[in-house]
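Everything in the sequence shown is counted per our numbering, starting at 1 for the first residue and increasing by one.
FYI, nobody ran anything at the bench for these hints, they're computed from the structure.
Do not rely on the hints blindly, as some may be mistaken.
Mimicking BS3-like on lysine-lysine, the simulated pairs with C-alpha atoms at most 30 Å apart in a straight line are [as the list claims (entries may be wrong)]:
(1) LYS75 <-> LYS135
(2) LYS82 <-> LYS119
(3) LYS111 <-> LYS135
(4) LYS82 <-> LYS137
(5) LYS135 <-> LYS82
(6) LYS75 <-> LYS119
(7) LYS111 <-> LYS75
(8) LYS119 <-> LYS137
(9) LYS111 <-> LYS82
(10) LYS137 <-> LYS75
(11) LYS119 <-> LYS135
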Amino acid sequence: MIQQLLRYHQSQPHFVRVKAPLQSERIPVAGLLGGIALTLGTPANAEVRPIGSAYQLLMPSTQMVPRQKDGINAKDALIELKMTSDLTWSQIARLLGVSRTRVHSWTEGGKIRGNNQAKIQDLLEQVRSMADLPKFKIRNALIGRTSTIDRGVGPLLISDNTPPRHRQNRLIGSLTTE
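With the sequences and hints as input, model every part of the structure.
Here it is in structure tokens:
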């Protein structure tokens with residue numbers, strides 16, 4: 001048997017649920033309560049260790065599941081990003097550090113370099129990890145808030161009670177002639 005290492009990030013350090021692609025159909029659930037590892041499901045000899053804000057789950061498995069960073073379809077990944085995060089093409093391009101036309105080229109089947117493919121995969125994994133959140137919260141987490149209050153922009157100055165220039169000239173002229 002091969003030991004498979006899974007990592008799961010969660011803000012609450014008391015409970016973690018790990019889904020692993022195993023040959024059995026049961027999904028292992030592991031919890032950490034007061035330093036005691038509790039495991040339910042398959043296999044029973046899993047080991048859970050906290051590491052910072054993440055947990056490591058070491059468990060026997062008959063096969064390793066590759067990450068598939070090299071084999072993603074950029075077109076499908078970009079469309080999934082757009083649909084699940086409610087981002088515009090410009091915002092996706094800014095997050096990836098490329099132009100909007102380059103993103104459109106990729107969605108039409110254009111050639112993509114390995115480093116950009118890795119960026120798309122990482123961004124897609126980040127969005128998938130927030131799948132339980134509403135779209136606007138995913139978008140805000142990725143690009144920040146977009147309201148004017150958060151940017152510190154004050155209200156526009158409509159009028160400062162100063163009369164227009166031609167009225168000032170007439171007023172000054174009428175005062176000097178009298």
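Checklist entry - Which of the numbered hints are not met once you compare them with the structure shown? => result The structure conflicts with no hint, since it agrees with every one listed earlier.
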